[in-house]
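J.: Those sequence lines, one after another, are chains A and B. If you count by the working numbering, then the first sequence holds residues 1 to 96, one letter each, in order. If you count by the working numbering, then the second sequence holds residues 1 to 456, one letter each, in order.
Simulated from the structure, these hints should not be mistaken for lab results. Hints are supplied without guarantee of correctness; some may be wrong.
Label pairs and their in silico Cβ distance ranges [unchecked claim]: (1) Ser394(B) x Pro7(A): 30 to 36 Å; (2) Lys454(B) x Asp94(A): 22 to 28 Å; (3) Ile144(B) x Gln95(A): 21 to 27 Å; (4) Arg409(B) x Gly92(A): 38 to 44 Å; (5) Phe17(A) x Glu326(B): 48 to 54 Å.
Among the chain A residues that face chain B by a calculated CB cut under 8 Å, a handful are [as the list claims (entries may be wrong)]: (6) Val11; (7) Leu20; (8) Leu30; (9) Ser45; (10) Gly54; (11) Thr66; (12) Val67; (13) Ala70; (14) Met73; (15) Gly78; (16) Phe80; (17) Met81; (18) Thr83; (19) Gly92.
Ideal Cβ placement from N, Cα and C applies to all residues, glycine included.
Here are the chains, one letter per residue:
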Amino acid sequence: MTADMLPNLYVFLLATFVGLEVIRRVTPLLHTPLMSLTNAISAISVVGALVIAGRAETSLSTFLGTVAVAASMVNVVGGFMITYRMVRMFKGRDQK
Amino acid sequence: MSEHVIHFIYLASTACFILSLKWLGAVPTAKRGVIVGTLGMALAIGGTLLEPTIENFRFIAAAVVVGTIIGVPMAMMPMTAVPQRTALSHAFGALAATLVGTAEYFLHAPHIARFTMGALAIEVILGGLTVTASLMAAGKLQEIIPTRAILFRGQHYLNLAVLGLAVLIGIYLVIDPGAWWLFPIMLGLCLVFGVLLIIPIGGADMPTVIALLNSYAGLAASMMGFVLNNKLLIVAGALDGSSGLILSIVMCKAMNRSMANVLFGGFGSASSAQGAGVKGEARALTPEDATLVLQAARSVVVIPGYGMAVAQAQHVVCELAELLEENGAEVKYAIHPVAGRMPGHMNVLLAEADVPYEQLVEMDDINPIMETVDVAIVIGANDVVNPAARTDESSPIYGMPIINADKARTVFVLKRSMASGFAGIDNPLFFNENTRMIFGDAKKTLQALISEFKNS
């Protein structure tokens, strides 16, 4: 596990810089959908939760994992849906 | 299924997330951005389910159903409730990270490598405090708990002591991962710290704090990636973390305050209200007279604030704007970065009311032309148009960038009463020569203006 420590740190570092560069260019007009989208993306925790819940190693881990799957699914479903609802509302003059 | 396939699926998912945020950058591509983001998440979930170690699908299916049942209504909430909804979803995201971290710890302790344990401790500390802090923020935004900042003696020391102790325990666990009884204490301290963190935060500072919590929830997910050795989690979490960071910096700059000042300042509490004090008389105007002025106006700028959201006035604002445009006036909306209760709050409300996005203008773009504006209509905004921020060095908001409403030829302020704004600071704009106050509920006032306009 520790063998991957450095590559993982590199990935984290680069992803942070990519994030800063990409997000910096987002128009302030869309800051609310942006927050809602990144919130939905951070529901990526569902990956870890699925593994823990699915392996069912101990009853504690299965319980915690299952609750975690439910909690992150709230954001997966709700997050992307409301973001789509929001961005659809932004219309230009010619689209009216 | 071969492990390589899963890795390639994760790689594709990572690319989707980056493209998603890139496309969300501008209105024309924003929809595509959301769709690609959804695709990325579908790939991530699908890929994970291929994992051969996952055997128990019954619990997973039940959890997915429960999550969907809660998630769909949360996506259907009205746009005015978006700030509290966002805070609530930060809590859900952080909860997932915290629970996974806790499960991982109790599965593997004491056989956890130091670096992994460090990441795990950060995951649980950030996750835990974000859960309770987000719930508190959602409660304040929904006004279930008092929105004003609450300060008490020794507050900062107490907060620092609680967080410091949690961090010390985290460090101890890195040295001795077998001390399992310390883990729940660390988690408990973080949950308490989350509550303490939000107690001194007033409503006006919510945009910054929500952005910060967004960042923490992302970082917790990223740390989970280190623990599980999963690069998809690391990248997605880091994207979220940097997004929250940028937004909170933007918010801080828009208030000319440091992050520390937002978190510890207790801005918006009764005790912080000061400033030189304003003397003079406010001039009131009836909707009938206001209509006459508006009919003569060639350019009108609407400056909305949180009060517009409270009065649910965005649709009537839009209706009035359309009448003004039919009358030949040019109408723009000037949006201050911290107007409302979360970044971009006003834009979403006005877009919902069918305002074309070209009309939504940022503060820095509107200020240079403010002197050429005939009428500025301030609706439910106060501190973001307070000229004391420019002129009065003793004012607590001195130095904060504001929309220069006072420079317009005529300023209409729609307001319930002469009560001061959220920060409790007097606003000299209300007493200016060129300012007219139109008292009453913003929505009713606007409706009165609309019917006057139509009748004349």
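J.: Are the hints correct? Go through all of them and say.
T.: Right, here's what the structure says about each hint:
1. Ser394(B) x Pro7(A): 30 to 36 Å: violated (54 Å)
2. Lys454(B) x Asp94(A): 22 to 28 Å: Hint holds: Cβ distance 27 Å, inside 22 to 28 Å.
3. Ile144(B) x Gln95(A): 21 to 27 Å: violated (38 Å)
4. Arg409(B) x Gly92(A): 38 to 44 Å: violated (29 Å)
5. Phe17(A) x Glu326(B): 48 to 54 Å: With a Cβ separation near 49 Å, Phe17(A) and Glu326(B) satisfy 48 to 54 Å, so the hint holds.
6. Val11: Because about 5 Å separates Val11(A) from the closest Cβ in chain B, which is inside the 8 Å limit, the hint holds.
7. Leu20: holds (5 Å)
8. Leu30: At 6 Å from the nearest chain B Cβ, Leu30(A) passes the 8 Å test, so the hint holds.
9. Ser45: holds (4 Å)
10. Gly54: holds (3 Å)
11. Thr66: Holds, because the Cβ-Cβ distance from Thr66(A) to chain B comes to roughly 4 Å (cut-off 8 Å).
12. Val67: holds (6 Å)
13. Ala70: Cβ of Ala70(A) sits 4 Å from chain B, so the hint holds.
14. Met73: holds (2 Å)
15. Gly78: Hint on Gly78(A): holds, closest Cβ of chain B at ~4 Å, below 8 Å.
16. Phe80: Given a least distance of 5 Å, the restraint on Phe80(A) holds.
17. Met81: Check passed: Cβ of Met81(A) comes within 4 Å of chain B, closer than 8 Å.
18. Thr83: holds (5 Å)
19. Gly92: holds (6 Å)
The structure shown violates the earlier hints numbered 1, 3 and 4.
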